[in-house]
Amino acid sequence: MTEKNPAAGTDDVFAAPDMPFAPAAIRAVPVRRPGRWISAAILLVFVLMFFNMLAFNKNFGWDLVRQWLFWHTIVQAVVVTLELTVYAMVIGIVGGVLLAVMRLSSNPVSSSAAWVYTWFFRGTPVLVQLLFWNNIAALVGQQIGFGIPFGPQFLHLNTNSTITAFTAAVLALGLNEAAYMSEIVRAGLLSVDEGQTEAAASLGMRRAKIMRRIVLPQAMRVIIPPTGNETISMLKTSSLASVIGVVELTDASESAIHLYFKAIPFYVVASLWYLFFTTVLSIGQYYIERHYARGSSRNLPPTPFQKLMRMNLSFRRRAYTYAPAGTEKGPS
Amino acid sequence: MTTISVPQSDGSPGTADRPAVEIRDVYKAFGRVPVLQGVSMTVREGEVACLIGPSGSGKSTLLRCVNHLEKIGAGRISVHGQLVGYHEKNQRLHEMHDRDVAKQRRTIGMVFQRFNLFPHKTALENIIEAPLQVLGKSKDVAVAEAREHLEKVGLSDKADNYPTQLSGGQQQRVAIARALAMQPKLMLFDEPTSALDPELVGDVLAVMRGLAESGMTMIVVTHEMGFARDVGDTVAFMDGGVIVEHGDARQVIAEPQHARTQAFLAKVR
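Quick mapping for you: the protein sequence lines, in order, are chains A and B.
Under the working numbering, the first residue of the first sequence carries the number 1, and numbering increases by one thereafter.
Under the working numbering, the first residue of the second sequence carries the number 1001, and numbering increases by one thereafter.
Note that these hints are calculated values from the structure, not bench results.
All C-beta atoms, glycine included, are put in the ideal place defined by N, C-alpha and C.
Be aware that a few hints might be false.
[As the list claims (entries may be wrong)] Derived Cβ-Cβ restraints for the label pairs, each shown as a range:
| # | chain 1 | residue 1 | chain 2 | residue 2 | range |
| --- | --- | --- | --- | --- | --- |
| 1 | B | Asp1160 | A | Ala187 | 54 to 62 Å |
| 2 | A | Lys236 | B | Leu1083 | 34 to 42 Å |
| 3 | B | Lys1089 | A | Glu194 | 30 to 38 Å |
| 4 | A | Ala113 | B | Leu1083 | 33 to 41 Å |
| 5 | B | Glu1213 | A | Gln306 | 44 to 52 Å |
| 6 | A | Ser112 | B | Asp1025 | 31 to 39 Å |
| 7 | A | Val140 | B | Phe1030 | 33 to 41 Å |
Generate the whole structure from the sequences, applying the supplied hints.
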């Protein structure tokens, strides 16, 4: 059969062995969809209005924005915002994994301790926690001592010089985040099939190793997207630290506003920086997800670059390689 | 007790007299639902023992008790003379520490109905995982051995494929290779072909047959009566948490004595 129809057997899906020739490809008139055109037109009007406002509304003060975007005070504040985000997320993720493992452990003491922690830190506003940490000296006194509980202390630190506004913010944001991360990690761990643990156990692996080598890497697929979400959220929540006097992006913008009596340009500056870093984080998240997708689907999702290349190729293929085979009759 | 003593089958490769697995008066319940109600059975070294019976009869649970994936409520199970999951001191049972349970499981391979390959690792990585992490073998040695095992199950060309890129039959053969890489003295098979397309069953059974011929001690929970008859040395028919009939494989399958066994075999044949 293949001899009679040379196109068959290559990539022609129509040419089944018992079919002497394939039917011609369908060329139908597409359904009219006027709704799409109307909605596109309406949207276009809104987009034009928006850009018109951006371009011609003097109150944006674009020349000021350009001038202050890379002003050293702003850039320094951006660095502080990033530091807050990174440190708080590190505490949040490490603490979250620890809490999730404790919560799922068979040890009733550690599982209830983890539950109480999550209950407390999710149950109070993060702003209240920030203020609490900032006023920690009022709770523990001017000195923090480290030593044997109820016994002698070896190390004394001045509370106010140890817990600065910055460390208070990192602690408050990080410890609060740990409570949320623990639920994310727990969901991830629970999503891994129990058969995985059983298979690993039957190979003689011990619990900690099964968690680290088998369960956690698989849980990552479920953990990464909400963690990306949390990181982006943290970048912006770090602006709350301005309340306790940490000079981060929002606080620096506020100060600039008070100096120059121009509000909007500085809010635009702050927003542009936040937008820039959330974009960077989203891209980072995409590649981390791709890394942990190994083995979970038959093919890895393409990188944006690969997508672009493939789109280009598929346009070309459609343009000249699709000649419907079997339009010529094969003798049967 | 409904069990009967196991007759010695002559000439077949399972005639060594040393017991590999001894199961004595085992009871087990999930909550209030009784699953095993007094099961006793001995599997000798080199024997291929098949467990057959309707679903819910307790055969999978019994198998999972042998490597302590399930705890038994009463009775004793020992593998190669060693009590499973407990130490016995001064006639008292002491629960085994995690570390000792894990050590015990090293010599007992298990193959699951749903394969349970590690999806984030390639076939080769699945096989070398435990030799590297548990036995502390060097990577070169582990990889070389893994390739031998892959060849034995006929999948040398699939070393770098992830489980999702393999058919069910191929996955199950990798799972068998993974268990064999620990050089177990006993292999447990929990319905290894029940999740496979009919045309893939043969490949897996062929690997298991080869393993049986090499003298491996095996306990196989199966619905493949042909395999039980041809490869099994003994067959135990379970129903309602007890062993109803237990004896020479060909005899039990061809001429079942018990009415319940006869009814079951008439249906599955």
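Here's how the hints hold up against the structure:
1. Asp1160(B) with Ala187(A): 54 to 62 Å: This hint is violated: roughly 31 Å between Cβ atoms.
2. Lys236(A) with Leu1083(B): 34 to 42 Å: 59 Å, violated
3. Lys1089(B) with Glu194(A): 30 to 38 Å: 32 Å, holds
4. Ala113(A) with Leu1083(B): 33 to 41 Å: 35 Å, holds
5. Glu1213(B) with Gln306(A): 44 to 52 Å: 49 Å, holds
6. Ser112(A) with Asp1025(B): 31 to 39 Å: Distance hint for Ser112(A), Asp1025(B) holds at roughly 38 Å.
7. Val140(A) with Phe1030(B): 33 to 41 Å: 51 Å, violated
Figure legend: structure checked against the earlier numbered hints; hints not met, in rising order: 1, 2, 7.
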